[in-house]
Amino acid sequence: NAGVTQTPKFRVLKTGQSMTLLCAQDMNHEYMYWYRQDPGMGLRLIHYSVGEGTTAKGEVPDGYNVSRLKKQNFLLGLESAAPSQTSVYFCASSYSTRVSYNEQFFGPGTRLTVL
Amino acid sequence: GENVEQHPSTLSVQEGDSAVIKCTYSDSASNYFPWYKQELGKRPQLIIDIRSNVGEKKDQRIAVTLNKTAKHFSLHITETQPEDSAVYFCAASPAGGYQKVTFGTGTKLQVIP
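Here the protein sequences come in this chain order: G and X. Throughout, this note's numbering is defined as the position within the first sequence, counted from one, plus 4. Throughout, this note's numbering is defined as the position within the second sequence, counted from one, plus 237.
Honestly, the hints are just simulated from the structure, not real lab data. Just so you know, not all the hints are guaranteed correct.
Heads up, incomplete: computed chain X residues facing chain G, CB under 10 Å, no partners named [stated by the list, open to error]:
1) Gly238
2) Val241
3) Ser265
4) Ala266
5) Tyr273
6) Gly278
7) Pro281
8) Leu283
9) Gln347
Built from N, CA and C at the ideal position, the CB exists for glycine as well.
Given these sequences and hints, build the entire structure.
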């Protein structure tokens with residue numbers, strides 16, 4: 005099993021450019037998440053999905069859009085990149101809520117720089 | 238919503254000493270408290286977790302304690318080793334329905350050989 009994978013690993017954008025980050029998981033998880041990680045601020049939730057075809061806003065959703073067309077994939081889009089979106093982006097996935105815990109499995113991260 | 242505060246932000250200990258990281262949470266509905274370790278340049282990985290029906294859990298050199306009344310929980314690492322050097326995140330999550338996990342801001346632990 006590959007677990008959670010992310011592409012690309014690194015990317016440099018100019019202000020105003022667009023891009024899509026791809027997250028894929030092979031664990032048949034229902035839930036998927038996108039976080040950004042900035043120094044001193046921990047992991048902040050951007051958007052999440054509780055199942056195929058559903059998405060919802062997290063803590064810091066502005067400037068991002070997501071789609072979950074297939075259960076195993078969760079895409080994060082930046083329509084018009086801004087320097088404030090320079091960050092490390094992590095995707096994660098987890099089991100459904102029929103169990104009382106919620107361990108999240110993280111991807112390797114994407115380091116994005118917006119100039 | 239839930240708010241998780243974590244202290245200290247940085248911690249340096251001598252190899253062999255103990256390290257303690259503390260977190261507080263605000264939402265009394267939270268009942269699952271995981272701890273993640275993130276080595277430099279790597280992804281966060283779960284190292285231990287605790288549910289609200291227990292007050293303490295141990296796994297070799299790592300232990301977590303939970304005080305639901307005071308809404309705080311702690312990570313204890315004994316006999317620290319250089320490979321324990323990493324950033325540690327606490328988190329809190331409610332049970333039932335969608336379990337949104339709220340993370341603390343992280344503690345950078347440095348173990349000095």
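Each hint, compared with the structure:
1. Gly238: Nearest chain G Cβ about 8 Å off; hint holds.
2. Val241: holds (8 Å)
3. Ser265: violated (16 Å)
4. Ala266: violated (13 Å)
5. Tyr273: holds (8 Å)
6. Gly278: Check passed: Cβ of Gly278(X) comes within 8 Å of chain G, closer than 10 Å.
7. Pro281: OK, holds: Pro281(X) within 10 Å of chain G, min 5 Å.
8. Leu283: holds (5 Å)
9. Gln347: violated (16 Å)
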